[in-house]
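Here UniProt numbering is used: the sequence shown runs in plain steps of one and ends on residue 162.
It is possible that some hints are incorrect.
[To be verified] DSS-like cross-link-like pairs, simulated, lysine-lysine; straight-line CA separation at most 30 Å:
| no. | residue 1 | residue 2 |
| --- | --- | --- |
| 1 | K3 | K29 |
| 2 | K89 | K33 |
| 3 | K2 | K33 |
| 4 | K162 | K139 |
| 5 | K162 | K89 |
| 6 | K152 | K89 |
| 7 | K112 | K139 |
| 8 | K101 | K112 |
| 9 | K152 | K139 |
| 10 | K29 | K89 |
| 11 | K139 | K89 |
| 12 | K152 | K112 |
| 13 | K33 | K112 |
| 14 | K161 | K139 |
| 15 | K89 | K101 |
| 16 | K162 | K152 |
| 17 | K101 | K152 |
| 18 | K162 | K101 |
| 19 | K161 | K101 |
These are calculated hints, taken from the structure and not from any lab test.
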Amino acid sequence: MKKSVVLCAGLCAALALTGCKSSESAYKKAYLKAQAQQENQQAEVAQTETPVVAPIVEKPVAQTTVVDNTDNAPVRSENVTLVSGAGLKAYSVVVGSFSLKANAEGLQSTLKQAGYDAQIVYNPSNNFYRVVSATFNLKSDAVSSRDQFRAKYPDAWLLFKK
Numbered sequence: 001m002k003k004s005v006v007l008c009a010g011l012c013a014a015l016a017l018t019g020c021k022s023s024e025s026a027y028k029k030a031y032l033k034a035q036a037q038q039e040n041q042q043a044e045v046a047q048t049e050t051p052v053v054a055p056i057v058e059k060p061v062a063q064t065t066v067v068d069n070t071d072n073a074p075v076r077s078e079n080v081t082l083v084s085g086a087g088l089k090a091y092s093v094v095v096g097s098f099s100l101k102a103n104a105e106g107l108q109s110t111l112k113q114a115g116y117d118a119q120i121v122y123n124p125s126n127n128f129y130r131v132v133s134a135t136f137n138l139k140s141d142a143v144s145s146r147d148q149f150r151a152k153y154p155d156a157w158l159l160f161k162k
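Start from the sequences and build out the full structure, keeping to the hints where you can.
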């Protein structure tokens, strides 16, 4: 009888110890699965946060800069066509450039309300509508007018019509 009790106790102990191992393995499998899910979520977040960068495309410049030695004011030379206005002279003061004609017309009407003879010209090489605030035969007159416009339009520049 002692032998059967010892044998029974040994069998119970063996079953108890083997039962712990199986539950420990289940916990370990659940932990590893949760850790893998967390790593996948972090990888997805990293992929969505990566900014998309557009490639740089260099375009040749279709304009030239002409500098007169008398006043050293830079002048862009562009081949433009008149869209609306009285007509261009040799030198013009450009106060705005727009890809949409409606935006150029808005600035033109603002300038006309202020008392200027504003005009719109179109440059087909870069598809821009230029708003000309004033036009002159002499470069010196155009430079002084441009300097006055720079108080309100700091990016005003001179255009020489080809």
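A quick look at each hint next to the structure:
1. Our distance criterion of 30 Å between C-alpha atoms is broken by K3 and K29, whose separation comes to about 39 Å.
2. For the proposed pair K89 and K33, the alpha carbon gap of about 77 Å is over 30 Å, so the pair is violated.
3. Between the alpha carbons of K2 and K33 the distance comes to roughly 47 Å, so the proposed pair goes past 30 Å and is violated.
4. A C-alpha spacing of about 14 Å is found between K162 and K139, which places the hinted pair at or below 30 Å, so the restraint holds.
5. For a cut-off of 30 Å, the pair hint linking K162 to K89 stands: about 10 Å separates their Cα positions.
6. Pair hint K152 plus K89 holds up; C-alpha atoms about 23 Å apart against a cutoff of 30 Å.
7. With a C-alpha separation of about 23 Å, the suggested pairing of K112 with K139 holds against the 30 Å cut-off.
8. For the hint pairing K101 with K112, the CA-to-CA distance comes to about 16 Å; that is within 30 Å, so the pair holds.
9. For a cut-off of 30 Å, the pair hint linking K152 to K139 stands: about 21 Å separates their Cα positions.
10. As the CA atoms of K29 and K89 are separated by approximately 83 Å, the hinted pair breaks the 30 Å bound.
11. For the suggested pair K139 and K89, the alpha carbons sit about 10 Å apart, so the restraint of at most 30 Å is met.
12. With a CA separation close to 15 Å, the supplied pair K152 and K112 stays within the 30 Å bound.
13. With a C-alpha separation of about 72 Å, the suggested pair K33 and K112 falls outside the 30 Å cut-off, and the hint is violated.
14. Distance hint between K161 and K139 is fulfilled; the C-alpha atoms sit about 12 Å from each other, no more than 30 Å.
15. Among the hinted pairs, K89 with K101 is consistent with the structure: their alpha-carbon atoms are about 22 Å apart, no more than 30 Å.
16. Note on K162 and K152: the hinted pairing holds, with a Cα-Cα distance of about 27 Å set against a maximum of 30 Å.
17. Between K101 and K152 the CA atoms are separated by roughly 21 Å; this keeps the pair inside 30 Å, and the hint holds.
18. With a C-alpha separation of about 22 Å, the suggested pair K162 and K101 falls inside the 30 Å cut-off, and the hint holds.
19. Only pairs whose Cα atoms come within 30 Å are accepted, and K161 paired with K101 is accepted, the gap being roughly 20 Å.
Hint check: violations occur at hints 1, 2, 3, 10, 13; the rest are consistent with the structure.
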